[in-house]
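2 protein chains.
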Amino acid sequence: MVLASGLGGAFPVLANSFPAKVPVPADNPMTPQKVALGKQLYFDPRLSLSGDFSCDTCHRVMGNGSDGLPLSFGVMGRVDVPRHTPTVYNAAFNTVQFWDGRAKSLEDQAKGPLMNPVEMGMPNAKAIVDRLEQIPGYRKEFGLVFGQKDSISLEHVVQAIATYERTLITPDSPYDRYMAGDKKAMNTAAVAGMHDLHTMGCAACHAGMMFDNPGTKMGTGFFQKFPLQAHNQECVAYVHKYDLDKDPGRFNVTKNPADEHDFKVPSLRNVALRAPYFHNGSVASLPTAVRIMAACQLGKSLSDKQVHDIVAFLGDLTGKFPKETMPRLPQTPGKAIMMQVA
Amino acid sequence: MVLASGLGGAFPVLANSFPAKVPVPADNPMTPQKVALGKQLYFDPRLSLSGDFSCDTCHRVMGNGSDGLPLSFGVMGRVDVPRHTPTVYNAAFNTVQFWDGRAKSLEDQAKGPLMNPVEMGMPNAKAIVDRLEQIPGYRKEFGLVFGQKDSISLEHVVQAIATYERTLITPDSPYDRYMAGDKKAMNTAAVAGMHDLHTMGCAACHAGMMFDNPGTKMGTGFFQKFPLQAHNQECVAYVHKYDLDKDPGRFNVTKNPADEHDFKVPSLRNVALRAPYFHNGSVASLPTAVRIMAACQLGKSLSDKQVHDIVAFLGDLTGKFPKETMPRLPQTPGKAIMMQVA
Ligand code: HEC
Ligand code: HEC
Ligand code: HEC
Ligand code: HEC
Ligand SMILES: [Ca+2]
Ligand SMILES: [Ca+2]
Numbered sequence: 000m001v002l003a004s005g006l007g008g009a010f011p012v013l014a015n016s017f018p019a020k021v022p023v024p025a026d027n028p029m030t031p032q033k034v035a036l037g038k039q040l041y042f043d044p045r046l047s048l049s050g051d052f053s054c055d056t057c058h059r060v061m062g063n064g065s066d067g068l069p070l071s072f073g074v075m076g077r078v079d080v081p082r083h084t085p086t087v088y089n090a091a092f093n094t095v096q097f098w099d100g101r102a103k104s105l106e107d108q109a110k111g112p113l114m115n116p117v118e119m120g121m122p123n124a125k126a127i128v129d130r131l132e133q134i135p136g137y138r139k140e141f142g143l144v145f146g147q148k149d150s151i152s153l154e155h156v157v158q159a160i161a162t163y164e165r166t167l168i169t170p171d172s173p174y175d176r177y178m179a180g181d182k183k184a185m186n187t188a189a190v191a192g193m194h195d196l197h198t199m200g201c202a203a204c205h206a207g208m209m210f211d212n213p214g215t216k217m218g219t220g221f222f223q224k225f226p227l228q229a230h231n232q233e234c235v236a237y238v239h240k241y242d243l244d245k246d247p248g249r250f251n252v253t254k255n256p257a258d259e260h261d262f263k264v265p266s267l268r269n270v271a272l273r274a275p276y277f278h279n280g281s282v283a284s285l286p287t288a289v290r291i292m293a294a295c296q297l298g299k300s301l302s303d304k305q306v307h308d309i310v311a312f313l314g315d316l317t318g319k320f321p322k323e324t325m326p327r328l329p330q331t332p333g334k335a336i337m338m339q340v341a
Numbered sequence: 000m001v002l003a004s005g006l007g008g009a010f011p012v013l014a015n016s017f018p019a020k021v022p023v024p025a026d027n028p029m030t031p032q033k034v035a036l037g038k039q040l041y042f043d044p045r046l047s048l049s050g051d052f053s054c055d056t057c058h059r060v061m062g063n064g065s066d067g068l069p070l071s072f073g074v075m076g077r078v079d080v081p082r083h084t085p086t087v088y089n090a091a092f093n094t095v096q097f098w099d100g101r102a103k104s105l106e107d108q109a110k111g112p113l114m115n116p117v118e119m120g121m122p123n124a125k126a127i128v129d130r131l132e133q134i135p136g137y138r139k140e141f142g143l144v145f146g147q148k149d150s151i152s153l154e155h156v157v158q159a160i161a162t163y164e165r166t167l168i169t170p171d172s173p174y175d176r177y178m179a180g181d182k183k184a185m186n187t188a189a190v191a192g193m194h195d196l197h198t199m200g201c202a203a204c205h206a207g208m209m210f211d212n213p214g215t216k217m218g219t220g221f222f223q224k225f226p227l228q229a230h231n232q233e234c235v236a237y238v239h240k241y242d243l244d245k246d247p248g249r250f251n252v253t254k255n256p257a258d259e260h261d262f263k264v265p266s267l268r269n270v271a272l273r274a275p276y277f278h279n280g281s282v283a284s285l286p287t288a289v290r291i292m293a294a295c296q297l298g299k300s301l302s303d304k305q306v307h308d309i310v311a312f313l314g315d316l317t318g319k320f321p322k323e324t325m326p327r328l329p330q331t332p333g334k335a336i337m338m339q340v341a
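Line by line, the protein sequences give chains A and B.
Under numbering that gives the first Met the number 0, the residue at position 50 of the first sequence is numbered 49, and the numbers go up by one with no gaps.
Under numbering that gives the first Met the number 0, the residue at position 10 of the second sequence is numbered 9, and the numbers go up by one with no gaps.
Just chain A, same shape as in the assembly (with noise of 0.2 Å):
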């Protein structure tokens, strides 16, 4: 609370709409053959064991940058993903990746589902560039856009999913338009509870361009435990529903008690698209984690039309996703090159 409020006041957290331009490593420039060729990647199932997984399955592109479950099916069938997938769509703007913020960047957070047993199940490095290394296409691909030598690599892979993954993002909300000066662009409700979210302290979290944090850099994270109000009654009951006390959060991380339950504040762009809600995927529709969230992080209980304005707010924080050509696979003429799994 006293950090609520405290950093409600210090950031101007509704001034801005959507950031003109996406954050890019120094060391990791965005070329137009470097996002065609993280294109092809993100898209191919040959970056998995299994041969039928890519990013993609996941975190589907044409949809909300999710699979709409509350838990994803891992590779073969596994069932033991442990945390709800979230959306790859301005992914790009966080400043630390994962629920617990344990990956620094995009391109360090992609190396995890490429060899993490339950996601994509690539036993290492090599088993991923060897895979490579028999399709021509890409063997010419990665030389053009990384240069002649040993050009693929576990690095440069990453390199290329995460430049591709800067250009999915989601501008000119009707929240964006909205603050650019076309006052038509939200009706009455959605203003009321743009400015619920203000004045009832959610954007002392949800602050800034993106809704996540307020100015945090690069590769930082903007931490809140949640439930904080874990003995607000509403709290408690919705905790026990949801069971939303097991994940320990960014504690596994650091191992730090201090830490136990905080996750990385999520953006609220896009939200209305990407039910289910919350680090486990338990809650199915937005109402409901909006009064989750008053009453757990604020110890408030919502009337329903703070609700219904609130969602209507949220609702126009839905931007534009990009229209995309379909990158076509470099194949193998003649010859399979999957293991024979099944």
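Given that identical chains are not distinguished, each listed pair holds provided it fits within a single copy or across any two copies.
Calculated pairs, SDA-like style, for lysine to any residue (alpha carbon to alpha carbon, straight line, at most 25 Å): (1) Lys139 - Ala184; (2) Lys322 - Thr166; (3) Lys139 - Pro173; (4) Lys110 - Ala124.
Hints are computed from structural coordinates only; laboratory data are not their basis.
We have chain A; now place chain B with the ligands onto it with these hints.
Frame of chain A; chain B with the ligands shown alone:
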């Protein structure tokens, strides 16, 4: 053999190039809106029980129209998909669908995977319709394409998907350019391979513009026994090594003992990209598949040069794949519509 040479004489097998038009049934005319809707449905994992399997999961439009696996994984990690996944590219030209020809049209075919327990696993037509009815974008689009009343039905779902599939065709291969008069489009090895295919008897079965039948009518099917020369010594060894005599093929459909081990003759268009080969996906390389065909269908052993030439020709049957835009899948703001399966 009788059949092979008989047909070989009767039909001008190499006299035409890629069909100028795709066959369209009178009761399902193609419109751009229907194609767009069909594309969304084709890529939408919400058409599967688990919510993470679409047609594209097994039939990758960005790749070769299959998944490159000997046998696909089914919904919820099932590994009992009994046959190798054929490509969806140019399936519009098949006179019947499936290895055993059990569907007479693309429309009929699409019902199969949707409700097949090991593929997409939907329990019945009602479950599919209910799922789609919850998505406002689909209610609107089905209305526009099929008329406003009760427009979401299994019949319309498969009509739209089939319409999209009719756009997945690959004209303009080197062979087509060669046939159109560009004699430089194929090299001497490929030209020799083309003649081998003709004189050797392959083209008796792999006949016509798609190399799959000698002019068979849509809905009819052209089936051949595989292995036909089951006593040929080289064939016996292949059958044993690649487990080629386990699947009763068309017998499953007709229960006629004469149809045992009969399979639809597959098109050779894009076959170089379609490894692994045969109804069980057991053969990883095209040269081996060619040797097996010669031994098991013609009772012939090929020289290395013959294999080389035939493979060169088959490589020149690779057409141009369509450049496609990605569909945007309609969303359901504020709520998750998946069942909680994990
Ligand atoms: C089997 C499902 C699955 C696959 C495949 C998968 N992911 Fe993820 N992804 C997840 C889950 C679950 C999380 C959250 C894990 C956590 O926070 O502990 C996640 C987190 C992320 C994040 C962090 C987003 C955020 O807001 O913190 C990014 C970015 C991401 N994935 C991109 C990728 C890329 C790129 C690939 C392919 C190389 C990929 N994912 C493959 C399930 C998957
Ligand atoms: C003290 C910090 C804090 C405050 C205050 C706060 N939130 Fe959150 N919010 C979080 C954190 C942390 C999460 C992620 C929780 C999790 O899933 O583990 C979150 C998640 C959410 C989500 C779900 C996002 C998703 O994709 O699953 C919504 C919606 C949301 N907040 C809205 C609100 C609203 C509306 C308010 C005010 C009523 C609010 N929040 C107040 C920290 C806060
Ligand atoms: C789990 C994997 C899987 C999924 C999902 C799947 N298919 Fe298939 N498909 C197959 C297999 C395996 C066959 C061959 C089955 C047989 O012949 O008995 C096949 C056959 C076909 C054929 C016949 C092609 C030919 O040459 O005979 C078409 C067309 C097709 N599928 C289209 C689709 C469409 C459209 C969808 C979605 C509605 C779909 N498939 C979903 C695996 C799948
Ligand atoms: C008597 C009919 C017949 C003859 C002659 C024949 N084929 Fe086939 N061909 C088939 C059938 C039937 C299949 C499908 C077998 C299966 O997978 O069950 C097939 C499959 C193939 C395949 C694999 C296609 C795929 O996608 O898996 C190739 C390649 C092929 N034939 C090439 C040839 C060549 C080259 C010759 C001549 C040396 C030839 N065929 C002669 C009937 C024939
Ligand atoms: Ca979500
Ligand atoms: Ca194949």
